Amino acid sequence: MRISDIRETSVPVASTMRNAAFDFSEMTTSVVAVVTDVMRGGKPVIGYAFNSTGRYACGAAMRARFVPRILSAAPDSLLDEAGIIDPVKVMQRMMMREKPGGDAERSVPIGTIETAVWDAVAKILDRPLWHVLAERFGSTPLRKVPCYVGGGWYKPENDLKSLTEEVERHLGNGYTRLKIKVGGVSIKDDLARIESAIALIGAGDRLAVDANAALSVERMLCYGRVLAPLGLRWFEEPCGPLDYATFARLAESYDAPLATGENLFCQQDVENLFQFGGFRRDRDILQVDPPQAYGVTAYAQMVARVEALGGSRQRIFPHGGNMMSFALVAGLGLGGCEAYPGVFAAFGGFADGMDVDDGEIAVPDYPGIGFEAQPGLYQIMRTITEA
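Under my numbering, the residues of the sequence shown are numbered 1 to 387, in order.
It should be emphasised that the hints constitute simulated quantities derived from the structure, not laboratory data. Be careful, since some hints might not be right.
Stated by the list, open to error - In the SDA-like style, the derived pairs of lysine to any residue whose C-alpha atoms are separated by at most 20 Å in a straight line are: (1) K43 / S312; (2) K43 / R382; (3) K89 / Q301; (4) K99 / R63; (5) K89 / D37.
Said to hold, decoys possible - Label-pair distances were calculated between CB atoms; the ranges are: (6) R2 / Q275: 40 to 48 Å; (7) A21 / A82: 33 to 41 Å; (8) P229 / R281: 18 to 26 Å.
Just so we're clear, the structure is a prediction, and the values are computed from it rather than from any experiment. The beta-carbon is built from N, C-alpha and C at its ideal position, and this holds for glycine as well.
Model the full structure from these sequences, guided by the hints.
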């Protein structure tokens, strides 16, 4: 058994959406296919992944360093004791001759390839990835995953009306918890948006807000004072992801949960957040994105480390809103999953048949991650190996 080829292509996910920090008009993502020599139905088993959303394509680093290292390895050196491709050994091979530190430069290309390897392995075993992860890492899998909508993007016209229509649509589709953007307009206008959403959802603790790390210290503290009485589910990315002192400063005065982590890229970043950032183990939410932080194996190791530091896996909500994050939440028994229905083109949302019921989605039994049950996305993925 061997990995016979690894291919990558950059795909635009351009959108008119805007948060407080940037718009998505130039956004791209890397789609990866890991081809194996295992044949099923006359075709090779192929693992797929993409580097989530909110980052740009990173194929140059893949082609220059990580793919050649894997393909030049002796095939047997990448297998486990059962003769199956071992994602841990593939990861170690990619990390050859990599200097410690500088994780953000390589964690996304490595993590995307590593996630695709896991998809291939689960397909070779003919099991869902969540099931394989529960077995490998000794966790109790979920049968239903709590999901919230990441939305509430700013619109250039009729913003409040558009937000109201969006919230009503998500509630009508079975979601019970949502997240909307803050920081991109005046605090007064943001408060009107928040109050409008709460009126529809029914309670402040069903709504989270996300500043996308765009606030100055003074503006952050002002938002904290305004938001505190509302009892929100969480206040996300109130400051820069590595500005631990500022995060800790807000945590001292803001009693409700804070959330951060989608722009952290390794376990050391998380440990620094816990040690220097005032991250409160009993309430705050960690949102590291799996394929952007070295992939599945590193994520499982991070979860174990969080628990060793006194945190809880029930307060880990991976960023991403895709099938990759969903599989990790289900397999590792994490707190819940983000959802992006109707945004990010083919890269947002879940597989066909994964309907929302009272804020939860039943875990499907698709082999691997389940991209094959997302027709639009799977068509993009197939073109990589058919070219």
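I want to verify a distance hint. Is the separation of the beta carbons of R2 and Q275 within 40 to 48 Å?
At roughly 42 Å between Cβ atoms, Q275 and R2 fall inside 40 to 48 Å, so the hint holds.
Under the criterion that the straight-line Cα-Cα distance not exceed 20 Å, is the pair K99, R63 satisfied?
The given pair, whose Cα atoms are some 18 Å apart, holds under the 20 Å limit.
Given the hinted pair K89 and D37, is their alpha-carbon gap at most 20 Å?
This hinted pair holds, its Cα atoms lying about 18 Å apart.
CB-CB spacing for R281 and P229 relative to the 18 to 26 Å hint:
24 Å, holds
Compare the distance between the alpha carbons of K43 and R382 with 20 Å, and conclude whether the hinted pair is satisfied.
12 Å, holds
Pair hint K89 and Q301, alpha-carbon separation not exceeding 20 Å
Given pair K89, Q301 holds - Cα atoms ~15 Å apart, limit 20 Å.
Quick check: does the Cβ-Cβ distance between A21 and A82 fall within 33 to 41 Å?
This hint is violated: roughly 46 Å between Cβ atoms.
Is K43 within 20 Å of S312, Cα to Cα?
42 Å, violated
The structure is inconsistent with the numbered hints 1 and 7, although it conforms to all the rest.
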